[in-house]
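Q: The residues making up each chain are set out below.
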Amino acid sequence: MTKEYRTVTKIAGPLVFVEKTEPVGYGELVGVALSDGTTRRGQVLDTSKEAVVVQIFEGTSGMDKASGVRFLGETLKLPVSLDMLGRILSGSGDPLDGGPRVVPDKRLDITGSAINPWARDSPKEFIQTGISTIDGMNTLVRGQKLPIFSGAGLPHNDIALQIARQAKVPTATAEFAVIFAAMGITNEEAQYFMRDFERTGALKRAVVFLNLADDPAVERLITPRLALTAAEYLAYEHDMHVLVILTDLTNYCEALRQIGAAREEVPGRQGYPGYMYTDLATLYERAGKIKGRKGSITQFPILTMPGDDITHPIPDLTGYITEGQIVISRDLHRKGIYPPINVLPSLSRLMNAGIGKDMTREDHKSVSDQVYAAYAEGNDLRGLAAIVGKEALSDRDKRFLSFADLFEDRFVRQGREEDRDIETTLGLSWELLGSLPEGVLTRLDRKFIQKYHPAHKGERAAAAKP
Amino acid sequence: MEEKGQVYRVSGPVVTAEGIRPRMYDVVAVGQEKLMGEVIGLEGDRSIIQVYEDTSGIRPGEEVTNTAMPLMVELGPGLVKSIYDGIQRPLPVLRDRMGDFIRRGVSAPGLDRSRKWAFVPKAKPGDKVAPGQIIGSVQETKYIQHHILVPPRVSGTLSTINAGSYTVTETVAALDNGTPLQLMQKWPVRMGRPFRNRKMPDVPLITGQRILDALFPVAKGGTAAIPGPFGSGKTVTQHQLSKWSDAEIVVYVGCGERGNEMTEVLSEFPHLLDPKTGAPLMDRTVLIANTSNMPVAAREASVYTGVTIAEYYRDMGLNVSLMADSTSRWAEALREISSRLEEMPGEEGYPAYLAAKLSAFYERAGRVETLAGHDASVTVVGAVSPPGGDFSEPVTQNTLRIVKVFWALDSKLAQRRHFPAINWLSSYSLYGGILDKWYNDNVSPDWTRLRGWAMEVLQKEAELQEIVQLVGSDALPEEQQLLLEVARMIREIFLQQNAYHEVDSFCPMSRQLQLLSTIRRFSDLSTRAMEGTIPLSKIASMKSKEVLAKARFEKDFEGELKKVLELMASEFAAAGK
Ligand SMILES: Nc1ncnc2c1ncn2[C@@H]1O[C@H](COP(=O)(O)OP(=O)(O)O)[C@@H](O)[C@H]1O
Ligand SMILES: [Mg+2]
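Protein sequences appear in the order of chains A and B.
All residue numbers for the first sequence refer to my numbering, where the first residue is 2 and numbers rise by one.
All residue numbers for the second sequence refer to my numbering, where the first residue is 4 and numbers rise by one.
You may find that some hints are simply not true.
Distance condition first, Cα-Cα at most 16 Å in a straight line; then the derived EDC-like pairs of lysine to aspartate or glutamate [claimed, not checked]:
1) Lys415(B) <-> Asp381(A)
2) Lys295(A) <-> Asp103(B)
3) Lys84(B) <-> Asp115(B)
4) Lys546(B) <-> Asp446(A)
5) Lys448(A) <-> Glu563(B)
6) Lys558(B) <-> Glu418(A)
7) Lys553(B) <-> Asp446(A)
8) Lys295(A) <-> Glu176(A)
9) Lys125(A) <-> Glu21(B)
10) Lys50(A) <-> Asp115(B)
11) Lys78(A) <-> Asp110(A)
12) Lys125(A) <-> Glu267(B)
13) Lys366(A) <-> Glu251(B)
14) Lys358(A) <-> Glu563(B)
15) Lys553(B) <-> Glu534(B)
16) Lys415(B) <-> Glu439(A)
17) Lys399(A) <-> Glu505(B)
18) Lys541(B) <-> Asp396(A)
19) Lys391(A) <-> Asp477(B)
20) Lys292(A) <-> Asp99(B)
21) Lys50(A) <-> Asp48(B)
22) Lys546(B) <-> Glu439(A)
23) Lys84(B) <-> Glu345(B)
24) Lys458(A) <-> Glu439(A)
25) Lys50(A) <-> Glu65(B)
26) Lys169(A) <-> Asp446(A)
27) Lys448(A) <-> Glu557(B)
28) Lys50(A) <-> Glu557(B)
29) Lys292(A) <-> Glu267(B)
30) Lys448(A) <-> Glu549(B)
31) Lys452(A) <-> Glu439(A)
32) Lys553(B) <-> Glu439(A)
33) Lys366(A) <-> Glu505(B)
34) Lys11(A) <-> Glu265(A)
35) Lys292(A) <-> Glu549(B)
Read the hints as simulated data drawn from the structure, not as lab findings.
Excised from the complex, chain B in its bound form (with noise of 0.2 Å):
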């Protein structure tokens, strides 16, 4: 039911209305334009209004009609593959409405209304359907099967359902009780949407990036934050993940950061495969891009737009990843709101209830049994910005207390230019212990403990680093530089990664445990070969030390492995004599 009131007041995108009386969170359209807003504030017989536009020119006494709706998003075939803003307006729609820049005061709805999709039904007329339950499928991708599920609150006896060519909106199926059940389905973003429990996240995600599952690993379901200063690797972190995890779904959310860094994934992300299925990477992704320089009230929703996709596909039964670059941009968009609302403010001009809104998103990862019994999960990754590189700000530290993965950037790394600029010595992941299993049963018994080999080698490195600070690395013991020298070559050989090489660019598991495996080997052999009085020069300045280093490189590494191999085997052997 639409009621219809006044704008009284415009400062920004917060425009106070008068005469109309919504419940918090309802949509609202102000002015002629209709300029979509949400309520998010009651005051005496007040709305006020965050609008998801430019409102220049918008003048007190215009209309402001309310929908008396929350803010929904439509979730059904044609969300892969697609790009949209921070309020599912695809924008490729917006530029065939209304050209190369974004103007104002055009809706468009989420999914396509007539594009056509064969509905493959999985039940039949007479089945007792529940909430979350599969009634069907269409095949959204060549590889991504889309379930269509009875809409969560929604149950009874299905008394037809046909097989056919349907749009998003036409009835594929209807309830004894009358209602019909379409492709598309909507939910309230701002509402996690249910599932039936949930379940321990065991299985880590597997991202490609060496130090990530190797050191600090993330479990599908878990939650990390990547904190650094500009430059330091946040977005490219995020978007290796975004190519090479092996998640089903991936919705990447650009949350107030730069167009060009949109244009990239869409330009790259048509060309490169899928390690698992081969299919291009675009085929599983969704896209949302609220850049910096568009509307703030906007920026705000998109995290939540993004959550809702990647809970509905978790709802089907699959692994989704959900990326968010970056939250500190979204929670300045609630700090300039909640300024213009003149709420009291908190720590750094943040509202008082920062802590409370981080926590509820990230609440809304996790891993699950659905309400259809499969299980399933959504992995949230934030990249945080904080001013001038200080992790003691408050959404980073409201966000460390919430997340299990911290993944500490590091401008000194990015410098000298060692990437991933993840600092091994500040990060951590509680998911550790809870994964060790899955490794040791699918990489290799020995796992655990070449990992914690390297964790030491690089933790006595570092003590080592302060005296050799003070008194010059010549002066430590031979065994102390061997240490040094094998610290270094896991730094640069396995720790560092350069997401723009071909072949570098991902590493899987098997790769991975060979690497790690060969320089342990090396400092082995070193080791009882220095017990045997070969000076640590010697093997500071052997060749298969240098093969190794280039190795990952190749795209035959299995070859170029056992070459290195080989020709350790054979320095070692000739040193000896």
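Looking at chain A on its own, in the form it has when it is part of the complex (with noise of 0.2 Å):
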């Protein structure tokens, strides 16, 4: 039994500190016996001859300085193996569904450690989510990690929910896993999540971890960190594809802010600490795939931006790291399009990796970057004819007015349980593109042109003729 101090001196926030205890290691597990009998967990963040700081995960209220602390010897374990599949976990891994504790396989450190850069293979597995806005200008790969810029009351959930059922890779039919963990989101949001993996089946395949909203802010710091491990568990030892879906980030950084204000650091931009750019890095960086094994870690952070600000420190810092990001528009919202994904400041830095000849189509980078670039004239021309009215606009210009109509009627609209191929979606992409004048099509080949264009449909069939 390790030795317990009642040495507590201060305690601020979430942190509490205990002097005079034999050496501490950094990182280290700590439990804390409250005087109600109740005990709690944290976690050391700063050890010194004199002084120990703990970060307690549920918080410290109705803790005083009467309480036990006895510190574990080692750092947070995550217990893992097969049997979680179809489990419903807390926000630090307890169990929530009534079902015994996990039978451990193994117990793995919580914080993982950063793969080898050498040792990553490639991500280039084009994964089709059977939405056009994805698949056809922001293509997902296996491996990546492509999270959702949002905001308040946009329909988030849904678009991560759709992509979960629809997504496959078209040429494999490996095992594959759904890992959601919750981050103070609301028990109706988490119900909503719950409900559909259920009717559908994918609760089979999935471990829950629910930090909801009334639960300890502080917990949500390890919540995706034992998501991230059970993932890392079923990809790298039972090869597994893996899909991570982390909701909601915002909340992440919030309690990471919290933490920073109660150690009286010097905070970086608007109160977030220094260090998030690195802390949040040790969460997204663990997507991926690795050499010479079979699985992969594919991730889905969901995040609502403050205020819609794309240049807030949260989706900023993100963008950043992750490979790319799907930006939900409330514009779009408010059109009644659905999914309202805006493509312009939406990208998939792995696409190139995914797409052409013998993956999705020859066509698909050079169609997807004049789609691209017509979207954006026509957009901005909105504002112009704004102005000067419609008829004041160039033949030219009324034409590519038209063509952002089109494209947000036809190409980013679709069903919530609408799953369209890759086919489907680049013929809608050229169907578009053939409502301009051929002239403008700079970024095409012309033998794609040729190939693909419907105006040369009728060539096409007559050179198909003996």
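With the hints as a guide, bring the two chains together.
A: The following block contains the structure:
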């Protein structure tokens, strides 16, 4: 039994200061016994010969200086085994579904270690999500980390669920699993996910970690780490393709800010800790593929941008780490378009590796570039049209303007259950491009125009005839 | 001489020790696992150490050993084609020793101790040798002849020197005072390697990227910064420079960025060929990868490790370019360590010495006369990642005060997939005038004028656009509409360049000249035709313009361009009738 100390000298926010201890290791797990008989857990944030600073995961409310503190001599570990599939656990890994504790196959350190860049394998297998704005314009590949940047009240959950339901790798049939980690979302939101998982049977292949809005904020710092540890176990030891949905990273970052303030650290931008970039990287960089291992970890972090502001530190630092972003737009949502994905600020950095001949189709890259350029131009003209009136626009401009409308209405808009395959998505792109004069399609190779442009359909048919 | 003390305190990557008396920047080994760290502060009888590995589990009271040596890199054959972490541990060796994940407590030398190299002497016994002098060489890769240099501060008369096959630590030569010389030497990373003189950087680094070479060139030995929000093209631009620029050695430092971006380099570079030598690009590349999730203190060290390696190749008489992606992550590492030290924060929490550190880093770039008398250079290109894309933040601002070239990335351009998303109005190169002579001598005597014309058209376009925003373009007089049309051609045909297109990715100077001259020709012909009252609509819909737009994607560019010129001539002739 480890020694219990009753030398708490100060409690500040989620932090407890303990003195006169034997040497305590940095990052060590801590057990705290409250005078009311309950126990809490924490982790050492600072240790010296004089004092130890402990961060309490469940928060310090109701704690007093008479609490007993034990240092457990190890870092926080998650018991893992295949039996985790189908289970619902709390934000610190305890069963919430009335089932027994997970009988561990292994106990893994939740911080994880950085993948050696030399050991990484390039993600390049195209994942078809069935959503045109993603598949056609911001293609996702296996092992990618692609966050959804959303705002309060926008349908990011529907989109995440639609992706989770429809995502498939056309060429493969390997085992998959879904890890869902909730951080500070409402019970109602969590239930929305759970019901969909149950309805589609995904729950059997899922591990759910729930830290809800009324759960302790500090616990949010460990929830995603538990989730990713479970993901690594399934991916790298059981060859599964794991899709990790983390929501809502904004709540995670708020918890981080709270700890920083309690430690009286010098804050960075807007009060968030200066190390937030590094901290977030230790989550996001746990996505990927490793040479010689069959499994993969694909991440879909969801975050709500405070004030819909993409330059806010939370989306900003995220975008600097992740391999692109899917941006949900309030304007499109107001226009009644689902999924309201604004492709202009959206990006998939790994797209080029997963598309083209033998993967999607040879013309994919150029078509996507062309649609981007045309939509951007049409979208810009809307401002001008509002000032000078549509009639004052040149003929060229009018065509681009209507292209933008057509694009939103036909390409962006689709049903919540509509699962478009990549051929359909690319076909749709060509159809829309067909509404523009051929001369403006400067991004398209002549051979693609001849092969796919609707105006050349007749020639193709003629050529095909003997 | 090693001395031992104890851990007093651990707070993240910062450990305080007592009982040792190191000098600043001495390397120490912390705890039972002997984690590597560097002394970054001395306070009373305590030393403050930044530790290059994860400190979880380290307790007060554990042993700390002072090596009494500064952080050094190993310099010698075998650097090229390597991939290191921020403190020069080879990542393949780490993987062999600890598996797919980076664990701690493993030290691994930068240069392979068992590999043998064929050494060919260039000096003989009895020769007097001075620091930096070349005494022989080994063939490091097919095209890199790696000169073996007398280390700085060493001189004397050679008593022995022998050809043969050696490991990097075996003695290949000795001086009469007994000093042995090996293929390898060491150098402290935080100190620039000496050279004889600085020289005027008046030769451009040719990058094969049209907007850079034509409008905003950087000189060999110069400094450039690429600031831009996420997704605007910092990394792709630096990859393009590493691939296609006419440097002889490229050192690429992935400093606090994505793991997969290093994987991309590792999987692409061996298959791409250096346009100058035809050898695989990897054969001239040294990679340093200290990704965002790897220890922060080693991230801080990574740029120094990189620039020291760059200087070492420079000292052999080579033109080296160094890419640092991203200097902002390095500055943040400084900030993180500084805040753990409870130093007085400056702007946005960065330490007050940020500006000094940044300029000391860029100061290591330059075109020089080496100790051995060669003309050589280190070009430094730093990516900057301003929070929220706001260029007024301290790292961008302090960097712009130092560097001579500013490639301003613009998220508006990136969003419409205009790549490279370098804003042609706000970017600049202060080398423009110095490099003119080179361009006029080597590309075309007309080059300066042609470039001036293109810039002027783009600037006028920006002015006209303000009017267009109010009245629409149809309200402008025809000659102004033509200018808008020509500006569009410059943007879409010349400035835009697709890094992922097999042909377009790299555009040699000769081709840049032809493309721009052809656009100019189209513009001149149009002006003349319109004076002869040919309507703009007729000109704007000419087929030759369309063909020109696609010529840059063609393998047979010359042939395609000939077609364009013929078509252009016949179309204008026909229009005149
Ligand atoms: N020259 C280019 N050609 C084609 N695509 C580009 C080019 N530059 C950038 N891109 C696109 O922009 C994306 C983001 O570029 P990247 O260099 O990773 O941005 P940053 O490093 O600034 O975050 C890339 O994934 C690519 O799709
Ligand atoms: Mg980048």
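Q: Is the hinted pair Lys553(B) and Glu439(A) satisfied, with a Cα-Cα distance of at most 16 Å?
A: holds, 13 Å
Q: Does Lys50(A) pair with Glu65(B) here, judged by a C-alpha cut-off of 16 Å?
A: Holds, because 11 Å separates the two Cα atoms, which is no more than 16 Å.
Q: Below or equal to 16 Å on CA atoms is what counts here, so check Lys11(A) against Glu265(A).
A: holds, 14 Å
Q: Check whether the Cα positions of Lys84(B) and Asp115(B) lie no farther apart than 16 Å.
A: holds, 12 Å
Q: Would the hint linking Lys78(A) and Asp110(A) be met if the CA-CA limit is 16 Å?
A: Given pair Lys78(A), Asp110(A) holds - Cα atoms ~4 Å apart, limit 16 Å.
Q: Given the proposed pairing of Lys366(A) with Glu505(B), does the C-alpha separation stay at or below 16 Å?
A: With Cα atoms ~13 Å apart, Lys366(A) and Glu505(B) stay inside 16 Å; holds.
Q: If you draw a straight line from the CA of Lys292(A) to the CA of Glu267(B), is it 16 Å or shorter?
A: Holds - the C-alpha atoms of Glu267(B) and Lys292(A) are around 13 Å apart, at most 16 Å.
Q: Please verify whether Lys292(A) and Asp99(B) have alpha carbons no more than 16 Å apart.
A: Satisfied, since the Cα-Cα distance of roughly 13 Å is no more than 16 Å.
Q: For the pair we were handed, Lys50(A) and Asp115(B), check the Cα-Cα distance against 16 Å.
A: Not satisfied, since the Cα-Cα distance of roughly 41 Å exceeds 16 Å.
Q: Does Lys546(B) pair with Asp446(A) here, judged by a C-alpha cut-off of 16 Å?
A: Judged against 16 Å, a Cα distance of about 15 Å means the pair holds.
Q: Does the alpha-carbon distance linking Lys415(B) and Asp381(A) stay inside the 16 Å limit?
A: Satisfied, since the Cα-Cα distance of roughly 11 Å is no more than 16 Å.
Q: Is the straight-line distance between the alpha-carbon of Lys125(A) and that of Glu21(B) 16 Å or less?
A: Violated. Lys125(A) to Glu21(B) sits at ~51 Å, over the 16 Å cutoff.
Hints 6, 9, 10, 13, 14, 15, 16, 17, 23, 26, 28, 35 from the list above are not met by this structure, while the remaining hints are.
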